[in-house]
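S.K.: Residue strings, one per chain:
Protein chains: 2
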Amino acid sequence: MLSEFDLIKEYFQRPHHATRAALGIGDDCALIAPTPGMQTAISSDMLVEGRHFFAGEDPLRLGHKALAVNLSDLAAMGARPVGFTLALALPEANRAWLQGFSQGLFALADAFNIELIGGDTTKGPLNICITVFGELRPGQALRRSAARAGDDIWISGTLGDARLALAGYRLELPQPLEAADQRAAAVRMHTPTPRVELGVLLAEQGLAHAAIDISDGLIGDLGHILKLSKVGATLNVDALPAGDVLATQGIGLRRAYTAAGGDDYELCFTAPIASREAILAVADSVGTQVTRVGSITAESGLRLIDANGAALDLKLSSFDHFTS
Amino acid sequence: MLSEFDLIKEYFQRPHHATRAALGIGDDCALIAPTPGMQTAISSDMLVEGRHFFAGEDPLRLGHKALAVNLSDLAAMGARPVGFTLALALPEANRAWLQGFSQGLFALADAFNIELIGGDTTKGPLNICITVFGELRPGQALRRSAARAGDDIWISGTLGDARLALAGYRLELPQPLEAADQRAAAVRMHTPTPRVELGVLLAEQGLAHAAIDISDGLIGDLGHILKLSKVGATLNVDALPAGDVLATQGIGLRRAYTAAGGDDYELCFTAPIASREAILAVADSVGTQVTRVGSITAESGLRLIDANGAALDLKLSSFDHFTS
Chain U
0 MLSEFDLIKE YFQRPHHATR AALGIGDDCA LIAPTPGMQT AISSDMLVEG RHFFAGEDPL
60 RLGHKALAVN LSDLAAMGAR PVGFTLALAL PEANRAWLQG FSQGLFALAD AFNIELIGGD
120 TTKGPLNICI TVFGELRPGQ ALRRSAARAG DDIWISGTLG DARLALAGYR LELPQPLEAA
180 DQRAAAVRMH TPTPRVELGV LLAEQGLAHA AIDISDGLIG DLGHILKLSK VGATLNVDAL
240 PAGDVLATQG IGLRRAYTAA GGDDYELCFT APIASREAIL AVADSVGTQV TRVGSITAES
300 GLRLIDANGA ALDLKLSSFD HFTS
Chain A
0 MLSEFDLIKE YFQRPHHATR AALGIGDDCA LIAPTPGMQT AISSDMLVEG RHFFAGEDPL
60 RLGHKALAVN LSDLAAMGAR PVGFTLALAL PEANRAWLQG FSQGLFALAD AFNIELIGGD
120 TTKGPLNICI TVFGELRPGQ ALRRSAARAG DDIWISGTLG DARLALAGYR LELPQPLEAA
180 DQRAAAVRMH TPTPRVELGV LLAEQGLAHA AIDISDGLIG DLGHILKLSK VGATLNVDAL
240 PAGDVLATQG IGLRRAYTAA GGDDYELCFT APIASREAIL AVADSVGTQV TRVGSITAES
300 GLRLIDANGA ALDLKLSSFD HFTS
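Chains U and A are the protein sequences, given in the same order. Oh and the first sequence: position 131 is 130 in numbering that gives the first Met the number 0, straight run, nothing missing. Oh and the second sequence: position 173 is 172 in numbering that gives the first Met the number 0, straight run, nothing missing.
You may find that some hints are simply not true.
Pairs involving identical chains hold if they fit within one copy or between any two copies, as the list cannot separate such chains.
Keeping only pairs whose Cα atoms sit at most 27 Å apart, straight-line, the calculated BS3-like set for lysine-lysine is [claimed, not checked]:
| no. | residue 1 | residue 2 |
| --- | --- | --- |
| 1 | Lys8 | Lys122 |
| 2 | Lys8 | Lys226 |
| 3 | Lys8 | Lys229 |
| 4 | Lys314 | Lys8 |
| 5 | Lys229 | Lys122 |
Hint data in this document are derived by calculation from the structure and do not stem from the laboratory.
Make the full structure from the sequences, and use the hints.
M.R.: Next up, the structure:
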């Protein structure tokens, strides 16, 4: 039987290549030395089996996704990732599972050059709690409360394929997807790409005002910006960039899943009109598509319009972990 | 039905009395401004129902304990607490439970003047994951690897009452405890006291070398210090300070539960002989009992002795979350 200490040593303790962490795994606390003059950004996300992922989910994809959704929060703040802790409850210490999970986790960590600096393992219903740390210069954070009337609303990447894949798995679609389409859409659901470089550059270059990552559906998440910034918005639903598979579906599904899909982990940010060219240049430099989809208004409320500028009345709602 | 946002707002979002946090709950990340020149200490602990606490546990006590075990890790490092995040999976958004839990949590947070700066809530089997942040001056951390031959071994407070209470609940005792004794011992199990002030002063005044908090039983936890410091120890088992209730029990139980009980959340630290008087003065100043219980030796291995200095061969083992 694999003990807790063997488990940590075998799967999660790696040669200490610390430039950041003064002390990593193996003591009561990890120690990090903050870069002088920088603020620390912190976010914590918990993923529960049967809620955030299917029972029996491929552990490699799960390792990626658990870290990706946390990095996405740093991206939405414009913070540069530094490290993370992992607390993990497992029904059993299964080697194949741990091998896959740690591989998926560290592949993404290495892509961003960040370290696992500490955490906890215990027996229990599968639960993954990651806390990430990032750094940014005071005053540069992309806060939800910073949108201003007249700002453009931008979306990174494309929306809705993750929701489409979920609908496919759940047999909710009017007609099932082709197997290849289901697989392609599922890649967006299982292995989201945190838009870290884009968020960091938008913050460092002072190009954007407010930002949020789209996890519960664009309309709900944009709603947080509107509420905290005390502004409204006009959103062109037909301008929302649909994922490759969703783009081949009918307009009803496209509108619903781009506007209120969920699990996208793209950035929604607002920026002054004067930033347009610089934003396109920055997005191009990091290879991320960005699309203008509406404007922030002084008048409160969210107005949805179609390609012709006519009002759209979509019956959509945001995902909530306790009411849905 | 209480939504996720209402839940956070109603039970976990408090008037922002931030001296530390530049930005608290309600954005993608929390922001903290590290004190210039200080290191950040980070620890994460996950508590699972049925594993770390009984199903149906009083939520007020649980709120206290979940934060206390994390603060205990900061104490063992000698770091001054700054704030924490809370990720919480709940089977349902039950108001009475949330009321009690948040009350227990914030009572302890207020006692240490620290803030809840962010986190996550979701539906799922009850799981509490707290990540704490503290600060300390570079070079002052009480590391597990820092024990030196000739050091005294010290214990804060008393040991074993938590384990005695658990044995009482499990009907494992040769004869049941009196109801009043069971209740008194259970206080130590349910509401441990993190030795934060003691740990911080030992570190700040440079009085101790190594430290660890005793969560899995003294022998196992001291074993981590010995292994990482590449030293051995002689431990006088009969000098171990027993909890008030355990002190009334027979010598077999006393030895077993002080030496390898678990859930004590006292500090075990090593310090040079020259520090003795200063340690007693510091402990007195914060109202915490400390007891010398042995010595660190250059020779490896842990030797248990009794009050007369004779070798003791206790068949004890440390608690492990995957093998027990």
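S.K.: Indicate, hint by hint, whether the structure satisfies it.
M.R.: Against the structure, the hints come out as follows:
| no. | hint | verdict |
| --- | --- | --- |
| 1 | Lys8 - Lys122 | within (16 Å within a copy, 31 Å between copies) |
| 2 | Lys8 - Lys226 | between (46 Å within a copy, 14 Å between copies) |
| 3 | Lys8 - Lys229 | between (49 Å within a copy, 18 Å between copies) |
| 4 | Lys314 - Lys8 | between (50 Å within a copy, 26 Å between copies) |
| 5 | Lys229 - Lys122 | neither (45 Å within a copy, 30 Å between copies) |
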